[in-house]
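Work out the full structure: start from the sequences and follow the hints.
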Amino acid sequence: MKVRFTVNDKPVSAEVEPRTTLSLCLRDHLRLTGTHVGCEHGVCGACTVIIDGEAVRSCLTLAVQVEGRSITTVEGLAHGEDLSPLQASFRRHNALQCGFCTPGMLTTAHALLTEEPHADEARVREVLSGNLCRCTGYIPIVHAVLDARVAYGGPAWTGEAHAHHGDGEQR
Amino acid sequence: MKPPKFDYASPDSLAEALELLARGQGEARPLAGGQSLMPVLAFRLAAPALLVDLRQVPGLDRIDIGPDGVRLGARVRWRDIERDARLCTAAPLLAEAIGHVAHYQIRNRGTVGGSLAHADPAAELPGIAVASDALVEVASVRGQRTIAAGDFFLGALSTALEPDELITALVLPPWPARRHAAFEELSRRRGDFAMAGVAVGFELDGNARATGTRIAAIGAADRPLRLRTAESALDGRTVDARAIAEAAAAASAEVDPADDLHASAAYRRNLVGVLVERAIARACPPPFNRREAA
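If you're matching them up, the sequences are chains L and F in order. If you read the first sequence in my numbering, its first letter stands for residue 1, the second for the next number, and so on. If you read the second sequence in my numbering, its first letter stands for residue 1, the second for the next number, and so on.
Hint data in this document are derived by calculation from the structure and do not stem from the laboratory.
Distance condition first, Cα-Cα at most 30 Å in a straight line; then the derived DSS-like pairs of lysine-lysine:
1) F/K2 / L/K10
2) L/K2 / F/K2
3) L/K2 / F/K5
Next comes the structure, spelled out in structure tokens:
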């Protein structure tokens, strides 16, 4: 079946089987391999993409279901060669090691902060609970997201001094 | 794994969707958000010949609040429920429990109809439906019917739906202004399926006596259960520490949970009692929820 949608502001089309997941369509048909596939049954969050502003698991969505929709993948976050503020924050906080979960972390956090720039630490942790990371222990990821809020119109983060003590956010 | 092969249709009317389900003779399955069906397909636990996508069927995404209660269309998502402030008063138990349902990304696509049809024994919405005496509205080419939530769930991943039937809505009856409720669950991560969960509702008369008590448990059997013995232990009594303890003990004795890798049966049995105790205590409004009163 032919499916047409928009990826990172560009109209695309692909010839897919009905059973082709959006994750597979992005990676194998459109060669956008930034979207990672971990568990392929909706548990790990690595394949998270943004559909019309909402973070979703692309392994639990069929490509044919997104006909006419607008998708943002991790490739769509940066402007050219420049890291987005969220990506730069991940780098600053060492919020990635192997990088496998990172696309899903970034897309999830981007969707969250776009809708909720004032998300507090509890909210960030709750939202990121749907994304598994096996390297970093999450703390630098949470800090990176909190620190990036200011770029979305949210509050500045002042918790740096306590980052290594696990004290969480300073207000 | 990848899902097995299937055909796909995206009808733009309910009539056409029902026609496709009927013609499928049990080999067609409806698809809404796919947050339960897609994992089932990925594990190859099901291999339908046809998926009937409901995304273009009009009217299924509405939340209507009226004299008959709250009507949640089958394609209403967790996100929609979370963001509808009217539900805090119209369906307080639902509003209270919704924060436990799934993870952020799943909530953006998971639906009411999908959760009911999937019938996971630990899912929250089936428990809320059973606790609320909700009605499941279903349709087929043969007509419409309404199934009481208590009769809808037959076992793990098993419901009273006929193969050609589609859930169109869940109706939560009107919420009495004086009914108090609480929902408690324990899961390893917030958003995971519960090891066990409990929904409690009751009204209080002038002497702090409970009436119309309803207590339901999830994750404690192969389907959501009303705990009738626990309800009887509390109903008509002053809600004090002794009544709460007796209702909790009755709840523990009444459930028959299974062992699995998340928790043993004995742990779950104990947990149900603990959650019932917490839920009743928390449901009590001031001043009844003071430590000495509870």
